[in-house]
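There are 2 protein chains.
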Amino acid sequence: MINRYELIRPSMDKVEAMLKSSLRSKHRIINSAIKDLLESGGKRLRPALLVVCGNMGNKESPRLITMAAIVEILHMATLVHDDIIDDALFRRGVTTVQAKWGKDIAVFLGDYLFSTAFALITDNCPVENFGIITKTLQNICEGEISQYEDRFSTDVSRIRYLKRIMGKTAALFGLSCYLGAHESGCSGQQKSILFRYGISLGMAFQIADDVLDFIGDEQRTGKPKANDFTQGIYTLPVIHALRDKSLGPTLKEILQSFPLDKNDIKRVIAIVQASGGIEYSIDLINRYINRAVNTINTLPDNGYKAILIDLLDNIKPCR
Amino acid sequence: MINRYELIRPSMDKVEAMLKSSLRSKHRIINSAIKDLLESGGKRLRPALLVVCGNMGNKESPRLITMAAIVEILHMATLVHDDIIDDALFRRGVTTVQAKWGKDIAVFLGDYLFSTAFALITDNCPVENFGIITKTLQNICEGEISQYEDRFSTDVSRIRYLKRIMGKTAALFGLSCYLGAHESGCSGQQKSILFRYGISLGMAFQIADDVLDFIGDEQRTGKPKANDFTQGIYTLPVIHALRDKSLGPTLKEILQSFPLDKNDIKRVIAIVQASGGIEYSIDLINRYINRAVNTINTLPDNGYKAILIDLLDNIKPCR
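Taken in sequence, the protein lines are chains A and B.
Heads up: the first sequence begins at 1282 in the numbering used here, then just goes up one per residue.
Heads up: the second sequence begins at 1282 in the numbering used here, then just goes up one per residue.
In case anyone wonders, no lab produced these hints; they're calculated from the structure.
Warning: the hint list may mix true and false statements.
Given that identical chains are not distinguished, each listed pair holds provided it fits within a single copy or across any two copies.
Cut-off 30 Å, straight-line C-alpha distance, at most; resulting in silico cross-link-like pairs (DSS-like, lysine-lysine) [stated by the list, open to error]:
id: 1; residue 1: Lys1307; residue 2: Lys1533
id: 2; residue 1: Lys1384; residue 2: Lys1533
id: 3; residue 1: Lys1547; residue 2: Lys1586
id: 4; residue 1: Lys1543; residue 2: Lys1384
id: 5; residue 1: Lys1301; residue 2: Lys1416
Given these sequences and hints, build the entire structure.
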C-alpha cells in the first residue's frame, strides 16, 4: 500500500526549505526563535492543503511552494501572538516564544512574520487574490477578539462559538485550499468547492481540538488538557453543558468560582461528560467531515483527492 | 499672516473621518479602544506629510485621503504593540490600550490595525508601491527588534543607533512622503527627493524625541522623562556619553546597577549633560534638518513646500 502523502512529500520538503530561507534574518534572536518555531513539529497542515489543492487542476504553478510557505508563515504569526494571550509556556511540548524569549520578542516576532508574509504575498500572489487574503486576516483577528470578548461568559451561544472558530481557524484552511486551487487553474466552481472543503475541514479540526480539552489526546498524555475553560474560554462541550436544564446551573456556579481548583476542574469535566457535550461535539465534527466529503464528491478521483479524504479521517478526536 | 496648515486642513479633516469610518468594527472593545486611540491627540504627522507631498505634483489623486489614513493606521498599529513592550501606562498623557484593556487586547488590536491597513493597501495602492510599503514594514519590525536586542548594551555604536531609528521611525516618514509624491504624479526624481526629505525629517524627529528623555519637554512638564535609559534603551545622548574617556566608565557602572534608583537617574542625566551628549544630539538634529531643507531646495516654492519647511522648524527640541 502506498502512503499517499508521498505524492506531496517532494513539494513539502521544498516548502520547508522555503520557510527556512524566507525567514532568515540578520537578527540573532529572530533566527533562534524562528528555528525553534520551525523545529517544534507543526503538522504543516495548511501548506499541505495548499499543495494538494494546487494539484487538483491541470496547471503547474511555479509559485505553489511560495504560496504554501505564505499560509504557514501567517499561521505561525497568529500562533506566536496567540501564545502571548494564553500566557502559554508550551506548544506541542516545546517552550513557546514568549516563555523562552519574553512577550516583547513574541510581539515583534509575530509582526515580523506578518510583514514577511505580506512581502511574499505582494511579490507572488495574483492581485485578484489579495481581497480573499486580507479578508481572511481580518477574520482571524476578529475571531480571536470574539474569543477574548466572550471569556467567562456563560451565555455564549453555539452559533457565536461556530462563528468564532470559523474566523479563528477555518478561514485560513479555506484560504489555503482556495489559493492552491487558483494556482492549479481550477474553474471558479472547483475553487469554490475546495474552499468550502477547507472551511468544513477547519471547523471539524477546531472542534476536535476543543474536545481534547476534555477527553485528552490519547496519543500524547491521555489526560484532558483543561487549558481552555480554566482560562475562561468556553468551547462547544461546555456551551452544550451550560444549556442542559438540570446540569447547566451547577456548571455555571462552578465556572463562576474563578480561579478553578483541581476539584472544580474534575467536576467541570464530569458535568460536561454527563451532559453529553462530548458526544454532541463529536457528532458535529462528523457532520462537518461528511459535509467536506460530500463537497468534493464531484471532483475527479485521483491520488490528491484521496489525500483530502485521508486528512479528514485523521482529525477525529481519539475516543 | 496665513496659517499655512490651513492649506491642508480640509484634507486632514477628511483623513480623520476616513480613519473613523475604516476602523469601525462590530466588536465593542475594538471600537472603544480605537476611539481612545483616535482621540488621544496624535499629531497626524505622517498623513500630513502624505497630503502635503500629494500636492507637490500636478495631479489630483482620488486616493490621497485613503493613502494618508493607511500610513496613520500603520503608525497606530506599531504604537499599540510598542506600548506592550514598554509596559507603558500612558502615551501623550492618555492611558495606553494595554494599560486600560490589557496586553491581550493590545496584541490583537495591533494585529487588527495591521490587517485593516493591509486590506486598504491592497484595495487602493498602486501595485508598483507594494514593494516599498512591505519593505518599510519589515524595516520597522527590524528597528524595533534591534532596539530590544541592544537593551542594556553599553557598547552600541552611534551608527547602530542611527540604523535602528532609521527603521523604527524614519522609514515610515520617508514612505509617507513617497506615496504622496507618487499620487500627485511627481517625477521619479521628485519622488526620490521627497522620500529623502521624509527620511531626514524622521531622523531629526526621533533624535529630538530621544533628547527629551534628558531635558524634558518644556511645553508639557519641563522634566526629563527618563523613560528610555531606565528601561535599558540607550539613545544617542547616552551613547555619546559612554564614549567619553573620563565620564564613560562611571556612566557604564551606574547603568549596570539595574534597576536605577532616583539618585542613579539624576546622576545619569548629569553625566550625559556634562559629556556634551545633548549638544552633540542637537547638532545632529540640525544637520538632518539642514539636509532636509537642502534636499527640497530644487522643488518649486509654493505653500506646500512652505509647510515642509515649517514642519522641520517644529521638531527642534526646546532648549
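Hints, one by one, checked against the model:
1. Lys1307 with Lys1533: between (51 Å within a copy, 27 Å between copies)
2. Lys1384 with Lys1533: For Lys1384 and Lys1533, only the inter-copy Cα distance (27 Å) is at most 30 Å; the intra-copy one is 32 Å.
3. Lys1547 with Lys1586: neither (42 Å within a copy, 70 Å between copies)
4. Lys1543 with Lys1384: For Lys1543 and Lys1384, the Cα distance is within 30 Å both inside one copy (28 Å) and across copies (27 Å).
5. Lys1301 with Lys1416: both (27 Å within a copy, 19 Å between copies)
Checked against the numbered hints listed earlier, the structure breaks hint 3 alone; every other hint is satisfied.
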